[in-house]
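Novice: Listed below, chain by chain, are the residues.
Number of protein chains: 2
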Amino acid sequence: MQKPFLQVLSPDETRNLITEFPELPAETSSLEDSLFRVLAEPVTAREDSPRFDRSTMDGFAVRSVDTFGATESAPALFHIVGEIAMGEVHDTVLKKGQAVRIWTGGALPAAADSVVMVEHAEEVDRNTVEVLRAVAPFDNVVRRGEDFKEGETLLEAGHRLRPQDLGLLAAMGRRTVRVFKKPAVAIISSGDEIVPIDQEPPPGCVRDVNRYTLSAMVREAHAEPVWIGIATDDLKTLTSLIQKAMQAADMVIVSGGSSMGARDHVIEAIQSHTNAKILVHGVSVSPGKPLILAKIGSIPVLGLPGHPVSAMVCFEQFVTCLCRRLEGEEVAQPFLRPTVQSFLSRNVPSKEGRTDFVRVRLQSMDGKIAAIPVPGKSGVISAMVRAHGYIVIGADCEGAYKGDSVIVSLFADWMGGNLEKEYLSRYEAACRGTGHIFETPQQEKISGI
Amino acid sequence: MQKPFLQVLSPDETRNLITEFPELPAETSSLEDSLFRVLAEPVTAREDSPRFDRSTMDGFAVRSVDTFGATESAPALFHIVGEIAMGEVHDTVLKKGQAVRIWTGGALPAAADSVVMVEHAEEVDRNTVEVLRAVAPFDNVVRRGEDFKEGETLLEAGHRLRPQDLGLLAAMGRRTVRVFKKPAVAIISSGDEIVPIDQEPPPGCVRDVNRYTLSAMVREAHAEPVWIGIATDDLKTLTSLIQKAMQAADMVIVSGGSSMGARDHVIEAIQSHTNAKILVHGVSVSPGKPLILAKIGSIPVLGLPGHPVSAMVCFEQFVTCLCRRLEGEEVAQPFLRPTVQSFLSRNVPSKEGRTDFVRVRLQSMDGKIAAIPVPGKSGVISAMVRAHGYIVIGADCEGAYKGDSVIVSLFADWMGGNLEKEYLSRYEAACRGTGHIFETPQQEKISGI
Numbered sequence: 000m001q002k003p004f005l006q007v008l009s010p011d012e013t014r015n016l017i018t019e020f021p022e023l024p025a026e027t028s029s030l031e032d033s034l035f036r037v038l039a040e041p042v043t044a045r046e047d048s049p050r051f052d053r054s055t056m057d058g059f060a061v062r063s064v065d066t067f068g069a070t071e072s073a074p075a076l077f078h079i080v081g082e083i084a085m086g087e088v089h090d091t092v093l094k095k096g097q098a099v100r101i102w103t104g105g106a107l108p109a110a111a112d113s114v115v116m117v118e119h120a121e122e123v124d125r126n127t128v129e130v131l132r133a134v135a136p137f138d139n140v141v142r143r144g145e146d147f148k149e150g151e152t153l154l155e156a157g158h159r160l161r162p163q164d165l166g167l168l169a170a171m172g173r174r175t176v177r178v179f180k181k182p183a184v185a186i187i188s189s190g191d192e193i194v195p196i197d198q199e200p201p202p203g204c205v206r207d208v209n210r211y212t213l214s215a216m217v218r219e220a221h222a223e224p225v226w227i228g229i230a231t232d233d234l235k236t237l238t239s240l241i242q243k244a245m246q247a248a249d250m251v252i253v254s255g256g257s258s259m260g261a262r263d264h265v266i267e268a269i270q271s272h273t274n275a276k277i278l279v280h281g282v283s284v285s286p287g288k289p290l291i292l293a294k295i296g297s298i299p300v301l302g303l304p305g306h307p308v309s310a311m312v313c314f315e316q317f318v319t320c321l322c323r324r325l326e327g328e329e330v331a332q333p334f335l336r337p338t339v340q341s342f343l344s345r346n347v348p349s350k351e352g353r354t355d356f357v358r359v360r361l362q363s364m365d366g367k368i369a370a371i372p373v374p375g376k377s378g379v380i381s382a383m384v385r386a387h388g389y390i391v392i393g394a395d396c397e398g399a400y401k402g403d404s405v406i407v408s409l410f411a412d413w414m415g416g417n418l419e420k421e422y423l424s425r426y427e428a429a430c431r432g433t434g435h436i437f438e439t440p441q442q443e444k445i446s447g448i
Numbered sequence: 000m001q002k003p004f005l006q007v008l009s010p011d012e013t014r015n016l017i018t019e020f021p022e023l024p025a026e027t028s029s030l031e032d033s034l035f036r037v038l039a040e041p042v043t044a045r046e047d048s049p050r051f052d053r054s055t056m057d058g059f060a061v062r063s064v065d066t067f068g069a070t071e072s073a074p075a076l077f078h079i080v081g082e083i084a085m086g087e088v089h090d091t092v093l094k095k096g097q098a099v100r101i102w103t104g105g106a107l108p109a110a111a112d113s114v115v116m117v118e119h120a121e122e123v124d125r126n127t128v129e130v131l132r133a134v135a136p137f138d139n140v141v142r143r144g145e146d147f148k149e150g151e152t153l154l155e156a157g158h159r160l161r162p163q164d165l166g167l168l169a170a171m172g173r174r175t176v177r178v179f180k181k182p183a184v185a186i187i188s189s190g191d192e193i194v195p196i197d198q199e200p201p202p203g204c205v206r207d208v209n210r211y212t213l214s215a216m217v218r219e220a221h222a223e224p225v226w227i228g229i230a231t232d233d234l235k236t237l238t239s240l241i242q243k244a245m246q247a248a249d250m251v252i253v254s255g256g257s258s259m260g261a262r263d264h265v266i267e268a269i270q271s272h273t274n275a276k277i278l279v280h281g282v283s284v285s286p287g288k289p290l291i292l293a294k295i296g297s298i299p300v301l302g303l304p305g306h307p308v309s310a311m312v313c314f315e316q317f318v319t320c321l322c323r324r325l326e327g328e329e330v331a332q333p334f335l336r337p338t339v340q341s342f343l344s345r346n347v348p349s350k351e352g353r354t355d356f357v358r359v360r361l362q363s364m365d366g367k368i369a370a371i372p373v374p375g376k377s378g379v380i381s382a383m384v385r386a387h388g389y390i391v392i393g394a395d396c397e398g399a400y401k402g403d404s405v406i407v408s409l410f411a412d413w414m415g416g417n418l419e420k421e422y423l424s425r426y427e428a429a430c431r432g433t434g435h436i437f438e439t440p441q442q443e444k445i446s447g448i
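Residue numbers (numbering that gives the first Met the number 0), protein chains in the order written: chain A, 0 to 448; chain B, 0 to 448.
What the hints contain is simulated information worked out from the structure, not anything from laboratory work.
Take these hints with a grain of salt, some might be off.
What follows is a set of in silico ranges between Cβ atoms, one per label pair, in the way DEER data are often shown [claimed, not checked]:
id : chain 1 : residue 1 : chain 2 : residue 2 : range
1  : A       : R345      : B       : K401      : 37 to 47 Å
2  : A       : K148      : B       : D365      : 41 to 51 Å
3  : A       : R125      : B       : T273      : 28 to 38 Å
4  : A       : E31       : B       : D233      : 24 to 34 Å
5  : B       : D233      : A       : E122      : 39 to 49 Å
To give a feel for the contact side, a few chain A residues facing chain B, derived at Cβ under 8 Å [to be verified]:
id : residue
6  : T27
7  : G86
8  : F137
9  : L153
10 : G203
Glycine is no exception: its CB is placed at the ideal position from the N, C-alpha and C atoms.
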């Protein structure tokens with residue numbers, strides 16, 4: 000007989016426990032290395048940007064008041080008193096009726112408050128220009144401090160840096176930034192039957208799949224995988240590999256041996272460390288129920304099921320959250336995935352009280368995108384390969400019906416080939432600038448299913 | 000006066016031209032280095048997986064026929080004739096009424112066709128077990144070849160590898176895989192007023208923002224940035240830096256100087272190379288109109304506007320497509336981004352014939368998530384920093400109205416902090432396993448706006 004799980008928690012209860020882990024220490028990182036890292040300090044501007052009134056157009060810097068009333072039939076005449084060299088400041092103070100030639104990005108001379116676009120100016124001769132349209136103060140100008148002002152806090156600690164955030168830091172002249180350490184995640188595969196991929200598996204053995212799927216998911220979560228090794232199904236080996244992993248990393252993942260069978264030693268191996276505390280053993284998800292979340296000291300140690308699909312679901316739902324937490328984010332949720340509105344191709348039964356992750360393949364069907372559940376046991380990696388994403392059947396549902404509208408979370412930010420083309424042209428053209436998002440929003444198109 | 004653009008193309012026309020570029024050569028890559036790389040060859044199984052019938056449970060391997068009719072009140076009695084060691088093949092051929100102890104992942108002995116879960120077995124003594132429930136043939140078994148069969152093609156050339164795809168390759172014993180070369184993308188910033196970030200900008204100068212935003216976007220597109228340098232606004236410097244870039248990379252991006260003004264030399268610099276062909280100069284998008292797409296030989300050379308926001312929009316809409324194409328993908332579309340259904344907080348005017356990318360900040364408002372357009376000229380990087388994503392107003396629209404339902408494409412796969420929590424709990428809880436996706440689909444919740 001198998002021992003029962005200690006206490007099966009819900010996914011949300013499990014994620015709430017994750018928020019208790021402390022973030023890793025902060026470190027200094029160069030801008031180049033800081034993409035998708037998490038700020039450990041707020042970012043406050045030390046100066047105005049730009050530091051001068053800056054033209055956004057090629058044209059003529061003028062005092063706007065001198066253009067008031069100008070039209071094509073009654074242009075305002077200006078005397079051209081110079082040209083602003085790029086990257087320099089002109090020392091002229093503009094007087095009434097004077098203009099200075101200026102380029103996009105150039106600094107306005109003193110007393111000028113606006114720029115007349117070259118398209119609205121007619122040069123009469125080298126020294127004279129007719130302005131065909133009036134400009135208001137600050138037209139075609141980025142004013143000093145308009146991008147940001149000295150003392151302004153633009154990004155808060157806990158913010159994960161996007162490309163534009165690095166651009167902002169560059170604009171501030173920051174060469175480095177304080178970020179939280181990127182989590183190093185140790186990976187152990189366990190099982191007497193598991194062999195490395197460069198070895199021909201003897202009869203009864205299989206190659207190590209989880210090492211590769213989980214390492215890749217660690218990278219996808221903006222963390223750093225650290226491969227420890229394959230543990231045989233004995234307590235001593237497992238305990239010592241976990242020990243080794245704790246010295247090499249900020250988090251430890253063991254796949255396999257997380258259930259309650261006689262050969263499942265992960266719980267025991269964790270408990271054999273001093274300061275070990277089991278937080279979770281068993282989560283009401285399918286696949287992925289035999290999840291272990293523990294801490295040894297302050298280091299999170301996870302036991303994931305050995306079946307590749309179960310291990311991936313647990314990673315997506317819980318390990319990514321932990322990576323985010325260790326990196327200083329407050330959110331204990333998986334990263335947001337691109338989603339596709341779709342309809343189910345057949346009934347999917349489920350059990351109340353259990354959250355089901357159903358792998359689906361998307362396919363064009365009757366002019367719509369159908370979500371077709373991919374058959375395959377959780378030990379079968381090809382079921383994940385055939386799927387484009389997954390749908391979630393909540394714990395309070397007894398299943399979903401054929402034709403139900405569902406939100407499919409995609410495994411990646413692409414679907415590839417014809418499906419993506421079709422999807423984009425049919426449903427999301429609007430998001431690519433070719434559709435009618437406001438006349439026929441996505442949800443109306445789909446609600447007819 | 001400014002010269003007019005040669006011919007302004009639509010975004011789709013521009014992307015169609017991108018499909019003409021040839022993919023880069025294939026190379027061999029280790030599994031560890033192949034995440035998000037694109038297959039240059041189909042992946043075909045060289046053997047069955049698993050190579051033996053494999054138990055998915057701890058329990059007893061039996062001949063299913065011997066369990067037929069078994070119930071808790073009338074259990075079937077089995078003689079335990081051994082135990083399957085993990086990673087080994089048992090040489091027994093099961094006879095009528097015999098059972099063998101087996102573990103999850105173990106190989107079934109000859110003649111056994113199913114496994115009775117340990118939960119449905121009652122051990123009477125060391126040699127005898129009562130089976131309390133009948134099993135059908137192949138219950139709790141992954142059959143030989145059930146994951147994949149010899150000769151089966153599971154992934155096609157042009158497929159970008161996800162974590163599970165690496166797992167599949169591992170299951171096949173593949174240590175390396177043929178993928179297309181990762182595009183090296185050369186980056187040049189141009190403008191007399193641009194200074195490196197480690198330099199204090201003299202009056203009238205600004206720091207180089209585009210180097211950092213564009214390099215980061217190259218990484219985000221799974222390609223490799225190569226920094227070339229800052230070009231002053233003269234034809235000779237620009238021409239020689241483009242020359243240098245072509246030797247160092249598979250694609251060249253110049254930001255700044257792409258328009259038609261007297262100081263905009265990128266078109267001329269491209270044309271001064273032999274074999275240069277301008278494919279596009281001017282696209283009907285805002286911001287980002289002064290885009291140049293050219294080829295010199297077979298190398299794509301792009302001129303992006305110098306304004307940071309315009310440059311990022313052009314990158315998102317066109318450069319990512321080119322990265323995908325060079326890496327062997329057929330799809331000439333940006334990567335799919337996570338999206339949030341939202342409603343507009345105010346009217347947004349637009350021009351027919353032009354596709355507008357409107358930066359928006361998401362904010363909780365009246366129990367819904369509002370999309371608030373972020374003010375700010377395209378030269379202002381902080382407008383991108385304040386925004387969570389963008390909405391698209393199609394070329395055939397004259398604008399969008401306050402309260403319109405819109406799809407916001409997020410700049411990243413997170414929003415951070417409270418907004419993400421709120422978003423998830425309100426609208427997408429279903430996708431996290433805590434909601435009622437089938438009773439109250441997302442679109443119904445929103446349609447009341």
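Novice: Take the shortest C-beta to C-beta distance between G203(A) and chain B; is it under 8 Å?
Specialist: At 4 Å from the nearest chain B Cβ, G203(A) passes the 8 Å test, so the hint holds.
Novice: Using the Cβ atoms, figure out if D233(B) sits within 39 to 49 Å of E122(A).
Specialist: At 23 Å between Cβs, range violated.
Novice: Restraint: F137(A) near chain B, CB-CB cut 8 Å. Satisfied or not?
Specialist: Violated, because the Cβ-Cβ distance from F137(A) to chain B comes to roughly 10 Å (cut-off 8 Å).
Novice: Is the interface hint for L153(A) satisfied, with its Cβ closer than 8 Å to some Cβ of chain B?
Specialist: 6 Å, holds
Novice: Holds or violated: 24 to 34 Å for the Cβ distance of E31(A) and D233(B)?
Specialist: 28 Å, holds
Novice: I want to verify a distance hint. Is the separation of the beta carbons of R125(A) and T273(B) within 28 to 38 Å?
Specialist: 36 Å, holds
Novice: Can you tell me whether the CB distance of R345(A) to K401(B) sits inside 37 to 47 Å?
Specialist: 41 Å, holds
Novice: Have a go at the G86(A) hint: is there a Cβ in chain B nearer than 8 Å to its own Cβ?
Specialist: 4 Å, holds
Novice: Taking the beta carbons of K148(A) and D365(B), is their distance inside 41 to 51 Å?
Specialist: 31 Å, violated
Novice: Tell me if the interface restraint on T27(A) is satisfied: Cβ within less than 8 Å of some Cβ in chain B.
Specialist: Given a least distance of 15 Å, the restraint on T27(A) is violated.
Checked against the numbered hints above, the structure violates hints 2, 5, 6 and 8; every other hint is satisfied.
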